[in-house]
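Enquirer: Below are the chains, spelled out letter by letter.
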Amino acid sequence: MSGILASMIDGVLIGAVYGLAAMGLSLIWGVMDVINLTHGAVIALGMFGMYLLFAAFPINAYLLLLPIIAAGLVLGLIIYWTSVHWVIDRPQLASLLSTFAVNMIIIGIGTAIWSTSPYNVNFTIRGITIGAYTFTGNHIAAAIAAVVIALALELFLYRTRPGKAIRAVADNREAAELMGISSTMVLALAFAIGIAVAAASGALVSTLFPFTILSGASYQMKSFVVTVLAGLGKPFGALVAGVLLGLLEGAVTPFIAVSWIPLIEFGLFVVVLVAFPRGIFGKRATA
Amino acid sequence: MIFRRPVFWLTLVFAGLMIAIPLHNNNVSLREDLILVAVAIILASNLNLMIGYTGYVNFGHIVFYGLGGYIGLYLATVRGWNLVLSALLAGLAVSLCALLFGFGILRLRGAYFALATIGILVAVQSFVYNFDPWGRSTGLYVSFAAYQPLGGARRALWITYFLVIAVMALSMILSLAIKISKFGLGLFAIREDEDAAVVLGVNATVYKAIIYSVSAFLPAVAGTLMFYKNGMIDPSIAFEFMLSLEGIVMLMLGGKGTVVGAALGGGLYEKLRSYLLTSPKLSNFHLVIAGVLLLLVVLFAPGGLIGWLYRLVPRSEKVIE
Amino acid sequence: MTALLEVSGVTKRFGGLLAVSDVSFTLAEGEILGLIGPNGAGKTTLFNMVNGVYKLNAGKISFAGQDITNRPPNEVVHLGIARTHQIVKPLYGMTVLENVTVGACFGRDSLQLKPARKVALEVLERVGLAERADTPARSLTIAGKKRLEVARALAAHPKLLLLDEVLAGLNPTEVELMIGMVRSIRDSGISVLMIEHLMQAIMSLSDRIVVLNLGSKLAEGRPQEVVNNSDVVEAYLGFPDIVDKLRGVQ
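Residue numbers (this note's numbering), protein chains in the order written: chain A, 1 to 287; chain B, 288 to 608; chain C, 609 to 858.
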């Protein structure tokens, strides 16, 4: 029994990172009704970004999150202007395919550079030992970083003007434009933030597990599960749902081979969609 | 009537040429090239039924091909059944599975459905990796003895080729037949506005499940034939996600929603791909180039090559469909 | 006259909002029944319940003696009820003829393609869109789209036609034409239930009127009776006792 408890607590910690990853997806989805299929590739880029930065500057990896977030914002703007802006008023199929195309490009370039070999970020923080259990420091730090970023995002959305503009555009783009909000700028910003958050989550994951250029895919699936659980555009909802997912994984992994996990998550995804059309916490945009 | 349609005859001529030309000189390397083109056309044409006609993006389309390959190969080699029979049964089995799964996941709209299809691909691959009778991760191998019923390996390869060409022609003719039918009209209505279609009387739930199931049949048959010809199957090559993606690129490139577009896209892309894979510098960029192509098509020419043709020569829409 | 449509005690809730509350009325065969009420009264919601788009929270709907409560929309069409939408829903990527052919193929008679196309052409003649048969639906004007919407519904060979604000967005000439069309539809034997805001139109077309307000039925009767009903006047103008006040200011 005790092993499961430790596994579940660990799951909660990692779940915070899942929640962070999902926030990026959920924000973009909620604001512009675009399902960003570059999400997984960006997470992978975040992993490699951390790897490269840490190799160049072997300082506290968590400080390196800042340049990664900055780079993520820039990357987000690039992706927005190349593939999203032009298809935003078309049926969702178009943005689905265009973001998917960008995903293919990123993974293709990534594979050419890094092949599919596993990489690692060798940075560790001392863990905490309580009684018989040791909780890896990296896991704890990652969870804390995830919560901090989530808080920052929530504050940004609810306490700043650009944040308010984003929420306005998410609510009703035409009305926001009539109020003088440049919806294009807002959409680009929201997209950039979504990408930056995804990159940050990838960077955090790189400190937890070995990874390859293809690792982003499973986090993308998890992000989708978390997003449909939480409903759209609610950062804290995504965090909570992420933690729940992590908890579930923690409860289940001692008993089932890891290769079944993606399957269970896919099953959960479908079940939640069919049973909770509005997400458990909030609004779901029509697909 | 389908016989009035030029594309019907074009298809027969095209298939005829594909059989006659390599056969004429016993040109084995040309045959090997062309069979890949034929498979590309089979996959793109059947995918077109979902994406082009019904408006539902199937990211996991390749699962039909792989699963059909497994079932058919198992029947033909382990059980020793007749190849054509095995292929047809594989097709039926996969179609049936698709019908059952279809009723479930086709409740999901648009992007949710697309994501769910990836899940199905992953699920089936996972299952096969762990399935003993099908060799788990090693897969199945075809011994030379299995080619005897067809008159030896060399002859068997030619026969399989003819069968694949036949499946290709059937795929195109099937697309055409559906397009000009009442069923096809219902699918197009669903594609344009599913809610309006239902209000107009289209039983969308049933129609979607049927087309999903139909789009599985010929790829599954082709899967049996191809893996039989190649002599082996294993989970990583049977369920390659990349092939699913390429199917989508082919279709978008050629022009989704049209019979000729699927064939054109399939053929052209297959040529591009074999060039890329054999070129020492570019083989790594296979995925990148596919992605760039898809992006360009989606952004600038969503109707693909045929759509562009329709805009240039509006009358062509009646003939080249 | 026989009751073609019977709506009894229907209620629809959306979360905390009671959109339609215990509404009952009947529509007789061959009549044009008007459905009016201020915005948000629940009229379109009621339509959506009749043709199966929304499930009822309570109540019963029967058509031609059959219980059609909660039947899916595609079944409802086969039973003989067709509808148009307030915000038109043309099948944009298809031509005008193809749009109407869909209606004919999947309507009450479930026709095959060739006969359906014939019916579609006839219907297009009737509504005056025959020349536009091969143009893409997206190229029509709003008036054209409204007529397409009606044509599609007619092609389904319905016994009852639900018209949802079919006059909205039309100029006076177009309104006149549409009014004439609705009359000829009824004269051809199809009963009509219509939501309208244009008072003149509804008054001249309807045999009877049902008034909804805030989800409940406020009044029912012949046009003259309804219009003189002080509750109805108050509902539209918003002030309590306004009728008395107006009378006071003679």
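What the hints contain is simulated information worked out from the structure, not anything from laboratory work.
Cβ atoms here follow ideal geometry from the backbone N, Cα and C, with glycine treated the same way.
Wrong hints could be hidden among the right ones.
Okay, the calculated beta carbon distance ranges per label pair [unchecked claim]:
#, chain 1, residue 1, chain 2, residue 2, range
1, B, 371, A, 256, 37 to 43 Å
2, B, 371, C, 792, 55 to 61 Å
3, C, 777, A, 162, 33 to 39 Å
4, A, 175, C, 637, 42 to 48 Å
5, B, 464, A, 90, 25 to 31 Å
6, B, 307, C, 721, 31 to 37 Å
7, B, 567, A, 128, 51 to 57 Å
Pairs of lysine-lysine, DSSO-like flavour, derived with a Cα cap of 27 Å [to be verified]:
#, chain 1, residue 1, chain 2, residue 2
8, B, 605, C, 722
9, B, 469, C, 753
10, C, 767, B, 605
Enquirer: For every hint, state whether the structure bears it out.
Expert: Here is what the structure says about each hint:
1. The hinted range of 37 to 43 Å is satisfied by residue 371 (chain B) and residue 256 (chain A), whose Cβ atoms lie roughly 41 Å apart.
2. At roughly 60 Å, the beta carbons of residue 371 (chain B) and residue 792 (chain C) sit within the given window of 55 to 61 Å.
3. Separation of residue 777 (chain C) from residue 162 (chain A) is about 37 Å and conforms to the stated range, judged on CB atoms against 33 to 39 Å.
4. Between residue 175 (chain A) and residue 637 (chain C) the beta carbons are some 45 Å apart, a value that agrees with the proposed interval 42 to 48 Å.
5. For residue 464 (chain B) and residue 90 (chain A), the hinted distance range of 25 to 31 Å is satisfied, since their beta carbons lie about 30 Å from each other.
6. At about 35 Å, the CB distance of residue 307 (chain B) to residue 721 (chain C) agrees with the hint of 31 to 37 Å.
7. Between residue 567 (chain B) and residue 128 (chain A), the C-beta spacing of about 52 Å keeps the proposed range 51 to 57 Å intact.
8. At roughly 17 Å between alpha-carbon atoms, residue 605 (chain B) and residue 722 (chain C) fall within 27 Å of each other, so this suggested pair holds.
9. A hinted pair counts as satisfied when its Cα atoms are at most 27 Å apart, and residue 469 (chain B) with residue 753 (chain C) qualifies at roughly 23 Å.
10. Straight-line distance between C-alpha atoms of residue 767 (chain C) and residue 605 (chain B) comes to about 36 Å, which puts the hinted pair past the 27 Å bound.
In this structure, the one hint that does not hold is number 10.
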